[in-house]
Amino acid sequence: MKKYPVILSMLFLLIAASLVSAQDWIRTGTGLGVEKVRLAVPDFKLVTTDTGTQNLSAIFNVTLWNDLQTAGIFDMVSKSFYPLSVPGAPQEVHLNDWSSPPPNASMLAFGNLAIQGGSLNVQGWLYDTKNPQSPQVLGKQYREPANDANARLIAHRFADEIILRLGGGIAGVAETKLYFVSNRSGSKEIWQMDYDGANQKQLTHMGSIALSPHVSPDGTRVAYSGVTKEGWQILMYSLELGRAVSFQHFGGDNYSPAWSSDGQTIAFSSSRSGNTEIYSVSSTGGSARRLTESKGPDVSPTWNPKTNAQIAWVGGRSGLPQIYTMASDGTNVVRVTDQGYAVSPSWSPNGQFLAFAWIRHYGPGAPGASDIYVMDVASKQWAQLTHEEGRNDFPSWSPDGRHIVFQSSRTGRVQIYSMLADGSEVRQLTTAGENTQPNWSFK
Amino acid sequence: MKVKEEKLKLTRNQWIRIIVALAVVLAVGACGKKKVASAPPPPPPPSPAPTASLTANPNTIPAGQASTLTWRTDYATDVTIDQLGKVDPSGSQAVTPAESTTYHLVAKNDSGTQEATARITVVSSPPPPPQQTSSGTDEQLFSGNMKDVFFDYDSYDVSAQYQQVLQADARFLQQHPGMKFTIEGHCDERGSTEYNLALGDNRANAAKQILAQLGISGDRVRTISYGKEKPFCTESNESCWQQNRRAHFVYQK
Numbered sequence: 001m002k003k004y005p006v007i008l009s010m011l012f013l014l015i016a017a018s019l020v021s022a023q024d025w026i027r028t029g030t031g032l033g034v035e036k037v038r039l040a041v042p043d044f045k046l047v048t049t050d051t052g053t054q055n056l057s058a059i060f061n062v063t064l065w066n067d068l069q070t071a072g073i074f075d076m077v078s079k080s081f082y083p084l085s086v087p088g089a090p091q092e093v094h095l096n097d098w099s100s101p102p103p104n105a106s107m108l109a110f111g112n113l114a115i116q117g118g119s120l121n122v123q124g125w126l127y128d129t130k131n132p133q134s135p136q137v138l139g140k141q142y143r144e145p146a147n148d149a150n151a152r153l154i155a156h157r158f159a160d161e162i163i164l165r166l167g168g169g170i171a172g173v174a175e176t177k178l179y180f181v182s183n184r185s186g187s188k189e190i191w192q193m194d195y196d197g198a199n200q201k202q203l204t205h206m207g208s209i210a211l212s213p214h215v216s217p218d219g220t221r222v223a224y225s226g227v228t229k230e231g232w233q234i235l236m237y238s239l240e241l242g243r244a245v246s247f248q249h250f251g252g253d254n255y256s257p258a259w260s261s262d263g264q265t266i267a268f269s270s271s272r273s274g275n276t277e278i279y280s281v282s283s284t285g286g287s288a289r290r291l292t293e294s295k296g297p298d299v300s301p302t303w304n305p306k307t308n309a310q311i312a313w314v315g316g317r318s319g320l321p322q323i324y325t326m327a328s329d330g331t332n333v334v335r336v337t338d339q340g341y342a343v344s345p346s347w348s349p350n351g352q353f354l355a356f357a358w359i360r361h362y363g364p365g366a367p368g369a370s371d372i373y374v375m376d377v378a379s380k381q382w383a384q385l386t387h388e389e390g391r392n393d394f395p396s397w398s399p400d401g402r403h404i405v406f407q408s409s410r411t412g413r414v415q416i417y418s419m420l421a422d423g424s425e426v427r428q429l430t431t432a433g434e435n436t437q438p439n440w441s442f443k
Numbered sequence: 444m445k446v447k448e449e450k451l452k453l454t455r456n457q458w459i460r461i462i463v464a465l466a467v468v469l470a471v472g473a474c475g476k477k478k479v480a481s482a483p484p485p486p487p488p489p490s491p492a493p494t495a496s497l498t499a500n501p502n503t504i505p506a507g508q509a510s511t512l513t514w515r516t517d518y519a520t521d522v523t524i525d526q527l528g529k530v531d532p533s534g535s536q537a538v539t540p541a542e543s544t545t546y547h548l549v550a551k552n553d554s555g556t557q558e559a560t561a562r563i564t565v566v567s568s569p570p571p572p573p574q575q576t577s578s579g580t581d582e583q584l585f586s587g588n589m590k591d592v593f594f595d596y597d598s599y600d601v602s603a604q605y606q607q608v609l610q611a612d613a614r615f616l617q618q619h620p621g622m623k624f625t626i627e628g629h630c631d632e633r634g635s636t637e638y639n640l641a642l643g644d645n646r647a648n649a650a651k652q653i654l655a656q657l658g659i660s661g662d663r664v665r666t667i668s669y670g671k672e673k674p675f676c677t678e679s680n681e682s683c684w685q686q687n688r689r690a691h692f693v694y695q696k
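Protein chains in written order, with this note's numbering: chain A, 1 to 443; chain B, 444 to 696.
Same shape as in the complex, but just chain B (with noise of 0.2 Å):
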C-alpha cells in the first residue's frame, strides 16, 4: 500500500515537472519566434494513473440490514463496482447484501487501473430455528447455528451486537444440553506473536463468561487461544482482518 502511494506522488511530482517545463519552452517559443508558424499543438498529457478508496459503514450489519459504501476517485474515467455496475466517480449508496460480500471497485484511465475493496460481514440474526437432530449429525446441527463473535481491533469486550449473537448462541445450547464446546480465541496479524495468544485467550474467555451469566456452565466450554496462529483469512487487508478477531465456537466430540 505504502509502495503503491509513494509511487503514486512521484508520478505526480514529475507530472508537474513536465508541465512546468511545458509551460517554459511554450512561453520562450512564443517570445523568441513570433513570425514562426505555430508547431502543430502537442498532445494532450495523459491524465495521472487514477486513485481510488472504497470504504463501507457499517462494515458488519445483522442479516437483512443496510450497510453504507462510498467511494472516492480520481482522475478516473470509468469506475465500475463489480455488484452495483457503472457508478459515479465519487458517491455513496446503501446496500444490503443477502451475505458476507466484498464489494469491488475498479477505477480506470488512459494511464492505468486503481482497485479498491470493501467487505461488508452480514450476522445471521436472529437464526434460523433450530432443526431436527435427525436432518444431521449434532456437529451439523451446532455449527449450523452457533455463531462466532468478531471484536474490534485490540479489544476483547463483547459489543451489544455480539451480546445479541451470544444470547441466541446460548438459547440453542440450553436447547442441547448435551453438548460440549470449545471457544478458540482468535487475532488478526496485526499484532506481536505472544500478545496476540494473550488477547485471544481474553477473547476466548469474555464470550464464555457471558455464556454463563446466559446460564451455561462451564463445566461444558473449553477455550483455547490460537492468537494469530490459524487465521481464517491470510489478506493484509481490514476486511480480512476482521474475519480473523473473533472467538470461533467448536464441537467437541
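Next up, chain A with everything else stripped away, as it sits in the complex (with noise of 0.2 Å):
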C-alpha cells in the first residue's frame, strides 16, 4: 500500500508531462516548473451607489475572484500582502507597489463600480506590472440594469476576458451552463445552473423519471430521456421556449442521448432489438442507424468532440462493463479499458482524452471505489483523479478542457462537484436533494 501512491504520482508524472508538451495550459498541480501568473485583483471601488444596492458591489467582488481562482491558470495574491490603498482608476496606480514584494504580481486586475439611477457601471482594467511604459493589457467597460444577476454576468464577462487574455487563448468558462438530474422536486428532474453552481433552476416537470441531460452545442436544447407511456424516450427541452418540444419516439427503450459536437447527429442507446445497442439518429428526427450488435448492453455514448468520426460508450459483452472505441459509422471497435468495472465516458473538447469512472480493482476480497480517471485514447495512459472519496461517476469536461463536473458521494447523500482537470481545486457545487450526471455545456 505505501508504494502506491508513489507509483499513481510517476504515473501521473508521466501523463503530466504528456500534457504539458502537448499543451502548456494543462497545469498539473505537481510542481514541474510551469509557473502560474501571479494576479493581484484588489476588490473594485465603490465610486458612488443608490441606497440599498451596496451588496451588489459585493456580489461583484467574490465572483470576479472566485472565477479567477476556479480558472486554474493563476496564483491568486493574497488580499493580505496588497498596499493600503487600492487603485479604483489607473491614475491611482502604482505600479511598483505591486511589482514588489510582498505582493510580487505580476498581473494586477482592477476597476470601480458606480450603482447609479437604477444602472451598474463598471469599468475594468488588466495591467502587466513589469511593463512600466505600457503596462495596459486590458481597459473594459460594462453598463446594465442594477441587480444581482448582472453583477455576476459583468464579474464573468470580465474574468473571461482576463483569462482568454492570459490563459493561451483559450476563452473562460465563467459564463457556461451544467445541466444536471436532481430529485429535490420530489421526483428526478432536469435542472441547470451556472458553472460555479449559482442559479439553479428546474426545467423539467415530469413528474416521472428524467436521467441523462445534454445540452445541444448551440446551447438551444436538452437532449435528455424520461419515462413516458412508451416506456423511456429520448426527449427534448427548448431552452429558447421554456418548455419540452417534440422528438422522435423509437420502439423499446431509448435513453444516454449524447449530441455531435456539429448538432446534426445524437447517439443513444436503445433496446428496440431486445438487447440494449448503441444507435445514431440526425437531431433532426429520422430512421435510427444502429452502430452495435452484441448480446450485452451497450450504453451511454459520447463523441469525439474534435473529429466527430469516433464514438467512446460502455460495452457489457466481455463481463463487467468496459469502455470501447469505434468509428462513428461502427466498425473498428477498440477496447480501451482492461479490467474492473468501467463506466460513463465523457471525451475531451481536444479529443485526446477520455475521463471515465472506473472502479479498477473489482471482485471479492477488492472492494474498490469508484474513481474518475483521465486516460490518454492513443497511449491508452491513465491517471486517476479522485481517491476514494465516496462513490465518484458521471465526469463531464468543461469546453475549455481545464476542468471537469461529476458526482460524488463523499459527504453522504451524492452531489456534484467541479474540479479541475488534474483533480485539484474540488468544489461542490450543489447541497439540496440529490444531484447527479451533470453535463457542461459546450460553450
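Watch out, some of these pointers could steer you wrong.
Straight-line alpha carbon distances no greater than 27 Å define the calculated DSSO-like cross-link-like pairs of lysine-lysine that follow [unchecked claim]:
id : chain 1 : residue 1 : chain 2 : residue 2
1  : B       : K551      : A       : K229
2  : B       : K696      : A       : K229
3  : B       : K623      : A       : K201
4  : A       : K295      : B       : K673
5  : A       : K229      : B       : K590
If you're looking for bench data, these hints aren't it; they were derived computationally from the structure. Only a predicted model underlies this, so the values are computations on that prediction, with no experimental measurement involved.
Dock the two chains into a complex; use the hints.
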C-alpha cells in the first residue's frame, strides 16, 4: 500500500509531462516548474451607489475572484499582501507597489463600480506590472441594469476576458452552464445551473423519472431521457421556448443521448432489438442507424468532439462493463479499459482524453471505490483524479478542457462537484436533495 | 462497514499497546521492588468488542428446501440468532424457512454488541394451482401466480432454477390467454445509473425471450427497465440487493 502513491504519482507525472508538451495550458499541480501567473485582484472601488444596492459590489467582487481562482491558471495573490490604498482607476495605480514584494504580482486587475439611477457601471483594467512603459493589457467598460444577476454577469465577462488574454487564447468558462438531474422536487427532473453552482433552476416537470441531460452544442436544446407511456424515450427541452418540445419516439427503451459537436447527430442506447445497442439518428429525427451488435448491454455513448468520427461507449459484452471506442459508423471497435468496472465516458474537447468512472480493482475481497480517471486515448496511459472519497461517477469536461464536473457521494448524499482536470481545486456545487449526471455546456 | 472494521482494528492495536505497556510496568515493578508487597492484581482487561458474521448458502431456495446458515464470532460471550435462540460462538445449521426470512445474529460481551444478518429468499415452487377467476380480479390472480425471476450480480442470464419458475409462469399465462403484462427489469444500487438501465432491459428481455420459447406471444408482453430507479428494498446489503436484481411481472390493465 505504501508504494502505491509513489507509483501513482510517477504515472501521473508521465501523463502530466505529455500533457504539458502537448498543451501548455494544462496545469498539473505537481510542481513541474510551470509557473502560474501571479495575479492581484483588489476589490473594485465603489464610486457611488444607490441606497440598498451596496451588496452588488460585494457580489461582483466575490464572483470575479472566484472565477479567476477557479480558472486554474493563476496564482492569486492573497489580499493581505496588498498595499493599503487600492486603485480604482489607472491614475491611482503605483505599479511598483504591486510588482515588488510582498505582493510580487506580475498582473494586476482593478477597476471601479458605480451604481446610479438603477444602472450598474463597471470599468475594469488588467495591467502588466512588469511593463511600466505600456502596462495596459485590457481595458473594459460594462453597463447593465443594477441587479444581482448582472453583477455576476459582468464579473463573469471581465473574468473571461482576463482568462482569454492570459490563458493561451482559450476562452474561459465563467458564462457556461451545467445541466444535471436533481430529485429535490420529489422526482428526478432536469435542472440547470451556472458553472459555479449559482442560479439553480428546474427545467422539466415530468413527475416520473428524467435522466442523462445533454445540452446541444449551440446551447438551445437539452436532450434527456424520461419515462413516458411508451417506456424510456429521448426527449427534448427547448431552452429558448422554456418547455419540452417533441422529438421522435422509438420502439423499446431509449436513453443516454449524446450530441455530436456539430449538432447534427444524436447517439443513444436503445433496447428495440431485444438487446441494448448504440444507435445514431439525425438531431432533426429520421431513421436510427444501429452501430453496435452484441448480446451484452451497450450504453452511454460520447462523441469525439474534435472529429465526430469516433464514439466511445460502455459495453458489457465481456462481462463487467468496459469502455470501448468505435468509428461513428460502428466499425473498428477497440476495447479501451482492461479490467474492473468502467462506465460513464466523456471525451475531452481536444479529442485527446477520455474521462470516465472506474472501479479499477473489482471483485470479491477488493471492494474498490468508483473514482474518476482520465485516459490518453492514443497511448492508453491513465491518471486517477479522485481518490476513494465516496462513489464518483459521470465526469463531464468543460469546453476549455481545464475542468471536469462529476457526481460524488463523498459527503453522504450524492452531490455535484467540479475540479481542475488534474483533480485539484475540488468544489461542491449542489447541496439540496440528491444531484447527479452533470453535463457541461459546449460554450 | 469499512469504518466499523477500521475502528475494530484500532481498538485491537490499542489493546496490544496497553497489554505491552502493562507487561513492561509489571516487569519493571517486579525487578525494582522485590521487597514491597505486591500491588493488588489489576482488574482483568475487558475483552475487545465482539465481531460477527452470518451467511446463508444458498440464499435463495424453493419452498420446503433447506439452506445452511453459517456464523462466526470472535470474543463474544453470548451469541443468539433470533429464530434459533442461543447458539455456539461459531457454527452452522440447516434451516427450512417457510417464507423469505432475514436471520439476525447478535454477539455480545462486556465491551459491546455486534450484529449480523443474512436473508434467505424462499421461492414458491411449484406454484399453487391457479384459483378460480371468481375468487379475485384478474390483476390479483396474476400477481398471486406470476413469480419474478432473480439474477446474479451484473448478470442477465436466467439460471436453471428460474427457468423452472418461468415454466410455471408460462403455464399460468397459457391458461389465461387474455392477460397482457409488462416485464420490469431491475438492478441493485451498486452499478452506475445508465449501465443499470441497459442491464435491466437485458434482464426483462431475457425473461421475455424464454417465455416466447415456452409459447407466450411477444404481443402480450411489454418490457421496461427501471435500472436502479425503483428498488424493492433500500438497504445496502446483499440480501436487499438480491431482491432488487429481478425481472418483475406487472399486470397490464
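Results for each hint:
no.: 1; hint: K551/B <-> K229/A; in the structure: violated (53 Å)
no.: 2; hint: K696/B <-> K229/A; in the structure: holds (13 Å)
no.: 3; hint: K623/B <-> K201/A; in the structure: violated (40 Å)
no.: 4; hint: K295/A <-> K673/B; in the structure: holds (25 Å)
no.: 5; hint: K229/A <-> K590/B; in the structure: holds (24 Å)
Of the numbered hints stated above, those contradicted by the structure are hints 1, 3, listed in ascending order.
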